[in-house]
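Between the sequences and the hints, there should be enough to build the whole structure, so can you do that?
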Amino acid sequence: MTSRTVLHNGVSRKVLSLLAVASLPLAGCQGGEDGADSSATEGDVFYEGETIELIVPFGAGGGTDVFARLAAPYLEEHIEGSPEVVVQNVPGGGTREGINQFARQDPDGLTIGLLTASGFTNPVLAPEGVEYDLEDMTALASFSSGFVVYGAAGLGLESPDQLRSIADTLIYGGVSPATEIARLLSLRDVVDGQVDGIFGFDGGAEVTTALVQGELDITSRSTPGYLDDVTEYVEDGEIVPLAVQGMYDVNAGEVVRDPSVPDVPTFGELYEEVHGASPSGSVWDVNAAYAITGSNLGRAFMAHGEAPDEAREALVSGFEALRDDTAFMNELAEQEGETTVLLGDEVDALVSEGRRLLEENEAFIQEALAEFE
Amino acid sequence: MEVAMEALTQMFGAERLLWLVLGVTVGLIMGLIPGLGGVTGMAVLLSLVFGMEPETGIAMLLGMAAVTATSDTFAAVMLGIPGTAGSQATIMDGYPLAKQGQANLALGAAFSASLLGGLVGAASLAVFIPVAAPVVLAFGSPELFMLTFFGLAMVALLSQGAPGKALISGLFGMLLSTMGMVQHTGAHRFTGGISYLFDGVSLVPLAVGIFAIPEVTSLLVQRTSVAHRAQVSGSSVFAGIRTTFRHPGLVLYSSAAGSLLAALPGVGGAVIDWIVYGTTAKGVRKNRENFGRGDIRGVIAPESANNAKEGGTLIPTLLFGIPGGATAAVLLGGFALMGVQTGPRMAQPESLPFVLTIVWTLVLANVLGTLACVALSTPLSRLTFLPPASIAPFIIVAVFIASYQESFRFGDLVTMLLIGVLGVMMKEFDWPRPPLIIGFVLGAPAENYLWRSMSRYGLDWISRPTVIGIAAVIAVVLLATVGRDRVRAFQRLGREAASERSGTA
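Chain order of the listed sequences is A and B. Mapping the first sequence onto this note's numbering, position 325 (from 1) lands on 325, and the numbers just tick up by one. Mapping the second sequence onto this note's numbering, position 259 (from 1) lands on 259, and the numbers just tick up by one.
These are computed hints drawn from the structure, not numbers from a lab. From the three backbone atoms N, C-alpha and C, an ideal C-beta is built for every residue, glycine too. Just so you know, not all the hints are guaranteed correct.
[Claimed, not checked] Okay, the calculated bits of chain A under chain B, using three or more residues with CB under 8 Å as the criterion:
no., segment
1, 59-67
2, 86-94
3, 137-151
4, 365-371
What follows is the structure, given as structure tokens:
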């Protein structure tokens, strides 16, 4: 090989080697799939000097992602050993991709997964592509998030009296029936009239805009989104809140109001006000199931079932400290409204109960969903 | 007015300027390196934003977003690789210019066009946000479907003389876009049980495969460097800048179109530059034959639109929380992390200082970005004279990284290679490729909007006034461009026939 220091037209070898070197860091950047440490250090504190990977099954910038990024720095403080907590976005397949990936990681206590409603409903209702098993996971903590159902003003949604006598067909619009079917079914039971469902909107902002435009009559949205954008319209009198999906109270065995929008009744309460009797039937079991998976378990931090005990204990304690950290909780409340935090075993109990209710009513739900296929 | 000046002086607060420069630098690098693009950079910077003062955080995030639309031109012009989705149309004429040894000219024109476009975009944000709400609200699902259809109709303008092939190419793109799981019905299309395919084909591997792979392949096969001529001939960057200023009308049209189209939710960034490119290529009066072969106007138009859309896309993002694209979505997340409220309040006078901060950020970012890019032009354009054996490996690595870095899935690489094969064949047999991308990008939204329109209104939506209005615009544009071509061709045939007859008579 002849040595040439100058190639065509004065572009020296130096430039080329610079290019080559410049491309190497590219290959290395963001290649953070494997945790930097694959074995925990022996020592008193499990997480000392470690990095925890927090897998978020959504793209960067969405509501869940923002929540995770808000919590991460506080978690670093509160988990004994002050590990680094790194958020890893793994979007795809409607949370399947991210949770699948979480399930595939070594159960060494160095990876946590953040599950939302679909993470719990998909294994029962839409198992295709689900490669994880909830039985292999154990819950660390759950942060509630709720959903508010609201409608356009002037349609007779303002009071139970008016609801009782609605004659026209109402149009409910949403993103995906699998996530929202409980709300639609409850709504249909309450209103007693025809409620058509249209799905395929892109998100909470789109459905709200569609409502304001008059394309939809009723829609629903996550509570943080509602508090962010919709309350303005409510103040202006353009939009009327109807009901909340609500939280499930295990002790009371029923769905109760969302602490961040305490003035809005649950569907159960609304039904009673409109019909003068308690609601009953499969619809309301489904309501409870969705309250658990969608609201109570709205943001559920999970660890591998086989992770070392000391890791799990350290994590649960960390979340407990996080719950007691008023600075964090205030910050969270500003972002999303009041949140209820549950820890460890309580969450596991809810996961089981939610799963039980879903499985028992699976046929009923699938039949309801069939309308929208 | 004083509010504007006050917001401007605040921009020069040292801390804010520093973060702006950081954002701009990251944006430059992200745009420069093919395929890294806006979203990755935003995601990286997003973690830094937590706890920042809104103005500072915005300076950084927007600084980044605004500049990638300028710096992505390098890869497009010099290597024929789309730096971001927005620079695809720039390749059409920018790359041929580079092949003629005129990379500097193309770059200079592109950067100045980008700057002007960015300024127009920023200005339109300030001007229109107070009044945009009712306009945006006027566009329901049926109207959004018509807009998407307008974008699809642009395929006709990009047919490069082969309308049948263009149509098939576009339809195939739409077919590709149907692959995947449909969220709102749970239906699986063409997924074959492979979980990778649940989300369908990703845009980046597709775009890279269809544009970059054929170019690299032809470089290697023909064993030429990008620029065929050996000498560093051709005009300087400044000549390119001057050229832009000689087409003020074009710049104005492209920037206006770019920012206004971006202001309407549903059109999407990847298509705006195609629409502007297509209408320019077919719409200009003189010398249309060179489009696709190195007409500088084919660089100026999409680059102006590209940057202008960064400003326009913020209108629905701020007013309704509806992100115009992936970068806007991440920006919204950044806003949330900083405690910034978006919503109809943005149209009110009390939000004006905030809006103006954004506007000035866009302005400054565009200026800084352009200066940096111009400075980098001459040294970087020498890359076009490298022999393929030197440059091709780098391009190939960059192309693989570009496809992989989006979601780190092996399937993306497979997609890129398969589509690459398709792209090579299409290039070889002269099937136009832009229609495929357009069909792909617009297929899913078009179906979605149509589905919603039909579910909600049955067939009644067709008689809505705005729908009819947009249909009329589509008809006019098509007639004025493609129709005119046909008429002229027809006339030419007639004249030739006549002269033949008179010749033989």
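Hint by hint, here is what the structure shows:
| no. | hint | in the structure |
| --- | --- | --- |
| 1 | 59-67 | holds (count 7) |
| 2 | 86-94 | holds (count 7) |
| 3 | 137-151 | violated (count 0) |
| 4 | 365-371 | violated (count 1) |
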